[in-house]
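> The lines below spell out each chain.
There are 4 protein chains.
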Amino acid sequence: MDGNSIGKAFVLTCFGESHGTLIGAVIDGCPAGLPLKEEDIQPELDKRRPGLTGIGTPRTEEDKVEILSGVFRGYTTGAPLCMVVRNRDVDSTPYEALKSKPRPGHADYPARVRYGGYNDYRGGGRFSGRITATYVMAGAVAKKLLRRFNVEVLAHTIRIGRVSLKKPVSYEEIRRNVYENPVRCADSETAELMRKEILKAAAEGDSVGGIVEGIALNVPAGVGDPIFDSLDADMAKMLFDIPAVKGVEFGAGFKSASMRGSENNDQYVIRGGRVVTLTNNAGGILGGLSTGMPIVVRVAFKPTPSIRKRQRTVNLERMEETVVEVGGRHDPCIVPRAVPVVEACIAITLADHMIRVGVIPRVLK
Amino acid sequence: MDGNSIGKAFVLTCFGESHGTLIGAVIDGCPAGLPLKEEDIQPELDKRRPGLTGIGTPRTEEDKVEILSGVFRGYTTGAPLCMVVRNRDVDSTPYEALKSKPRPGHADYPARVRYGGYNDYRGGGRFSGRITATYVMAGAVAKKLLRRFNVEVLAHTIRIGRVSLKKPVSYEEIRRNVYENPVRCADSETAELMRKEILKAAAEGDSVGGIVEGIALNVPAGVGDPIFDSLDADMAKMLFDIPAVKGVEFGAGFKSASMRGSENNDQYVIRGGRVVTLTNNAGGILGGLSTGMPIVVRVAFKPTPSIRKRQRTVNLERMEETVVEVGGRHDPCIVPRAVPVVEACIAITLADHMIRVGVIPRVLK
Amino acid sequence: MDGNSIGKAFVLTCFGESHGTLIGAVIDGCPAGLPLKEEDIQPELDKRRPGLTGIGTPRTEEDKVEILSGVFRGYTTGAPLCMVVRNRDVDSTPYEALKSKPRPGHADYPARVRYGGYNDYRGGGRFSGRITATYVMAGAVAKKLLRRFNVEVLAHTIRIGRVSLKKPVSYEEIRRNVYENPVRCADSETAELMRKEILKAAAEGDSVGGIVEGIALNVPAGVGDPIFDSLDADMAKMLFDIPAVKGVEFGAGFKSASMRGSENNDQYVIRGGRVVTLTNNAGGILGGLSTGMPIVVRVAFKPTPSIRKRQRTVNLERMEETVVEVGGRHDPCIVPRAVPVVEACIAITLADHMIRVGVIPRVLK
Amino acid sequence: MDGNSIGKAFVLTCFGESHGTLIGAVIDGCPAGLPLKEEDIQPELDKRRPGLTGIGTPRTEEDKVEILSGVFRGYTTGAPLCMVVRNRDVDSTPYEALKSKPRPGHADYPARVRYGGYNDYRGGGRFSGRITATYVMAGAVAKKLLRRFNVEVLAHTIRIGRVSLKKPVSYEEIRRNVYENPVRCADSETAELMRKEILKAAAEGDSVGGIVEGIALNVPAGVGDPIFDSLDADMAKMLFDIPAVKGVEFGAGFKSASMRGSENNDQYVIRGGRVVTLTNNAGGILGGLSTGMPIVVRVAFKPTPSIRKRQRTVNLERMEETVVEVGGRHDPCIVPRAVPVVEACIAITLADHMIRVGVIPRVLK
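Residue numbers (the numbering used here), protein chains in the order written: chain A, 1 to 365; chain B, 366 to 730; chain C, 731 to 1095; chain D, 1096 to 1460.
Rather than coming from a laboratory, the hints here were simulated on the basis of the structure.
One or more of the hints may lead you astray.
Stated by the list, open to error - To spell it out: a stretch of chain A is covered by chain C in this simulated footprint if at least three of its residues, at any positions, have a beta carbon under 8 Å from a beta carbon of chain C; those stretches are:
| # | region |
| --- | --- |
| 1 | 25-36 |
| 2 | 73-83 |
Claimed, not checked - Derived CB-CB ranges, DEER-like:
| # | chain 1 | residue 1 | chain 2 | residue 2 | range |
| --- | --- | --- | --- | --- | --- |
| 3 | A | Arg312 | B | Pro400 | 37 to 45 Å |
| 4 | D | Glu1161 | B | Glu404 | 20 to 28 Å |
| 5 | B | Lys464 | D | Lys1262 | 52 to 60 Å |
| 6 | D | Arg1257 | C | Glu769 | 46 to 54 Å |
| 7 | D | Lys1460 | B | Leu564 | 44 to 52 Å |
| 8 | B | Gly692 | D | Glu1267 | 41 to 49 Å |
As the list claims (entries may be wrong) - Footprint (simulated), chain C over chain D, 3 or more residues, beta carbon under 8 Å:
| # | region |
| --- | --- |
| 9 | 1266-1279 |
| 10 | 1361-1374 |
Even glycine gets a Cβ: it sits at the ideal position worked out from N, Cα and C.
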């Protein structure tokens, strides 16, 4: 395979380019019997929309999902589910100038090498963040399926540039607040600081990165396929498939490297008749298997590479050094729009693995 | 699949348990025509051995590799390559007591749930760090194959507990020094501090974690299969398949979340007729494709969960709370032994992807 | 996976239902740099159309292909290629009556069991022969790719019911004549007898089966991946994926069971500096690898199960015996329309394997 | 992958060469909790042994199976199951002479092209029929698993050269008689004629082919994954992976090509509260899904290519024509030894698919 499919039981194949006709997702392996309509998917897509005026790309992306196959009389049939979003409002002109001048931080240069120059470079083509809308569509299906089994997936912004969320937030605050502010932070004061951090960078023709935390609640213990298809490995793989992700950590993550075993180990107790741990430094995964505790993963995003500031680059046709100032419409920070994408990646991985171990059956009752 | 295979073109399947007959690796897809003998693999296995007296498990693991198939008259044939290491010096007694009392931080509890109690729990069974010896065997083959194409893979310890490597080290220092000290650090002064950090934890019946940095040099630009089989995603997946890994980051990694685009972007210039970047915050990968710059990845390991200190746990048969003190032979820090494993994971991922894009042919000339 | 994808290097995923919105194919792994437009695909689809008036379904299937992704400025980009055909002229009314009465010879009954009754039964849904139009679209791409490497794929009808092709036909006759008559037979006299055989069955409210022979010319020696992905096994797998196929044989096939080794072995000689065999009982494949001789495969199709004649069946809701007379529009013989489908399956399998062994590169020059 | 693995849920990977150290099989995905010991596998391997003196290879193949992993205290653990058979009594001398002179009907020539001459040609290497002993080991596990779910797999010889089984035989006769005579035919009179047919060919330095019929009883309806992983397609794929197979047909098979729909359709009735069909021309599979009726498949084997008779071939090093008389120890008819291999292929395919659809769970109760 050429890398456009992921999963073994709930398999997502995606296609389409940023400035092509459309982008689409095919899910093979969604169990039969799930009630599904376009209204289930649209709200997830809407969460990916640019939020506050002044933050995010001004491109008006009215992404309208269409389900093209796999649903009959309101229920999934067990046949492949194809969903698409048509591309509109596309202006490819600025990309012509960039054709031989790779933008620093973008895939332009290695993509040209990899595909012998045949790749569709308009709007980044297959390498555009826009492709993650296909993850979100598939994620919407996965989330609906998971809810049937009581599993909930959340995500929130915990850092934008130099501003980080310092106070603890409850699941309830995440549920309630995240999509109420343009930066997708569960705390409104921090959200305001984050918003300013983005606007400041934007005003300077620059961009900022950030960190998103994802959480999955009520995943039963024992989900995962070690050795190589361990739950964390597969989740990390899918998260690294989001453009601009440069780091992924579970539970205590990088911090655990500085910890003692006696601090880091999560000790077992019984609460309400269930085996639980007193802490959750493992982030809900041990040995590649879910422990029954919340799955917690943090995802680091680099700053948007497209910036107005002048940067050095190379004219690949003449093989000479030159400079570039990236015009066009670009988010000064993609983190807020990545929040539903992180949710989607977590949900898709969980759906895949819960079907694999048989927790979710092939036909729903 | 049940997760015991990884890769699409250079496919590793592993089998065996910590206290079973043996552990083994089958590689399907190694190109024909690679000179290969046991002496090529043994040194890599030896790098995984416990180093200094007093650091690492006292279990005498004289891992002797045997090649059982796939080599004829000194060359790989293109048929599957099976390599095994027999288990010796195994004492499973301590594990009987732990059978119903899951050790905090280990896979014991979720594994019991996942496999209905049928899993071989002796020495951790399939969940033992010992399984990574199969990665190392496969990695030795991958490294030999990569060297044919001028690609070199390195790794070194950059943190143990609270001690981190502060000074920059050159590739040459890494090549020369890493396997000269028991903690696998390229700087001898830091190495000594790290050694003490481990000994101190050990003396207290405790353990420490750490960070390993892996590097791949001379990977040509354009290697990788976006979207879902991007080079970083596949490398991260394999690294998260090493037990105890809790975080993976490429290039500037989590730090890039706090950076501006203008700082983080790696600008292009021409040096010696080749397109290179002035910095390497991307860690050699953009859009899931290699850029031609060194691939740099950091891997966070949690502290060894097996500690002598008393911890709370649960008797799963009686469903009542209890305590555990983990005896047996355990590394107070697995990081030094993980260094060759990180090398192996990087090498295996690169071999797989370089075959996939055709940079490495199916028959060597 | 749920079985809607096939191939490892040239991967076809298909979606859609007979009476749904559309049917579609996604190819992942088509090399970059292949000139491709809708006009390359349409003629192959047109070959699947009902031929002579009076033979084949009266449903007017004006299948118009649309390429939705993967092509940029007339060339494949290396990104997934999505192609669709919209469904028109659909009348699902007759299927309501059949909902609980499975048609003998159709997938109705096992599909209902497999999908818990959620499957789209209209027009056979996913089990309709219409789905093979997606094979044909993908096959058109594969054929264009193969031609670049001098490989040609042919197919022709050699039996319809009791009428079989008795005289030898040359490749040139196959090329010239097959699509000139409605039964796709290379000999015009036999074609006329076949036509009558079909009309006779149709007149009696009955149907007939037949045999299609497929041929691939100029496949270089050494293509295939034994053990389990042998070229014949993968080709047979794809051919058995055509609805109504009940047998597949290569070269002398079932006849070789009655032969002596001395008769059946194809002896080697040198002709024009190339190693060739005097006979081709192997059908161009030995040990799962192409020999360089023409690949020859024969595919047996059962008679169309949908017939007007009264048949016994069961009302699955009431669990009582009943009868059925299948109305609607049905081919009395699907063999002629299967000819381009057989070509497609052969071409797709060859493209997949030629990329796998590196004979076809990932980027065309 | 390079083709040495098959299956998606019950995945068989095999390794080893005819004249190497050993041959082995790894099963990934065997459910946990199946009682398994070497004594379960050995009888299946023994069925593959040469039967009557004077029929079959005189090579004394005392294939002793060893289980190396995946079983703990008598039960499968859910971890990969590795089983091997060591090679003994190997004389590779005759193969040196054949190195540059490909034997007609063998894989020698295409294998040399495919693997650039690096393949282990001794005894046919990976292309030897001996490799099917790994299918039989895996098949033994699959059969034991299937029996737990009441599924039984049978096979018997129905043709040897010009002698075919003419009288109907019951399942009970197959169970009782097949392994009681050296040709594996359920009828003792026909068996004697078949034996003579083989001896006659052998006496003339020649060989014969034949046909094996495989049957699976009590497979529940609805097993299979259409479109591309249909049950018949996957079973045919695995059967074509047996060396020397040239044809596969289900139910009425090639004969259905001459039939009318009204004859070929299997009409539904209710018997004992179950939906069954009056005939079974479908061979138990419709639309790629099991119907609940017996699965019936016939497999055509070509005559053994290794014969003493002089044949034309080519010296590939000098590129000149020459002749060859194949010495060494060769079966004049491999069909009897293929009977347990056909059983194995059917059982493996069914185990894989029954796990896939969830009929067999991941942990047995």
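> All hints, please: hold or fail.
To see whether the hints hold, each was checked on the structure:
1. Proximity of the region 25-36 of chain A to chain C, defined as three or more residues with a beta carbon under 8 Å from a beta carbon of that chain, is established by the 5 residues found.
2. Counting residues of the region 73-83 of chain A whose CB falls under 8 Å from any CB of chain C gives 8; the rule of at least 3 is met.
3. As the Cβ distance of A:Arg312 to B:Pro400 is approximately 44 Å, the hint placing it in 37 to 45 Å holds.
4. At roughly 26 Å, the beta carbons of D:Glu1161 and B:Glu404 sit within the given window of 20 to 28 Å.
5. Look at B:Lys464 against D:Lys1262: about 58 Å separates their beta carbons, and that is inside 52 to 60 Å.
6. Roughly 53 Å separates the CB atoms of D:Arg1257 and C:Glu769, a value that falls within the hinted 46 to 54 Å.
7. At roughly 49 Å, the beta-carbon separation of D:Lys1460 and B:Leu564 lies within the given 44 to 52 Å, and the hint holds.
8. Checking the proposed 41 to 49 Å range against B:Gly692 and D:Glu1267 shows it is violated: the Cβ atoms sit about 58 Å from each other.
9. For the region 1266-1279 of chain D, the assignment as covered by chain C is violated, since 0 residues bring a beta-carbon within under 8 Å of that chain's beta-carbons and 3 are needed.
10. Here the region 1361-1374 of chain D counts 9 residues with a CB under 8 Å from a CB of chain C, which clears the bar of 3, and the coverage holds.
Of the numbered hints given earlier, the model fails hints 8 and 9; all others are met.
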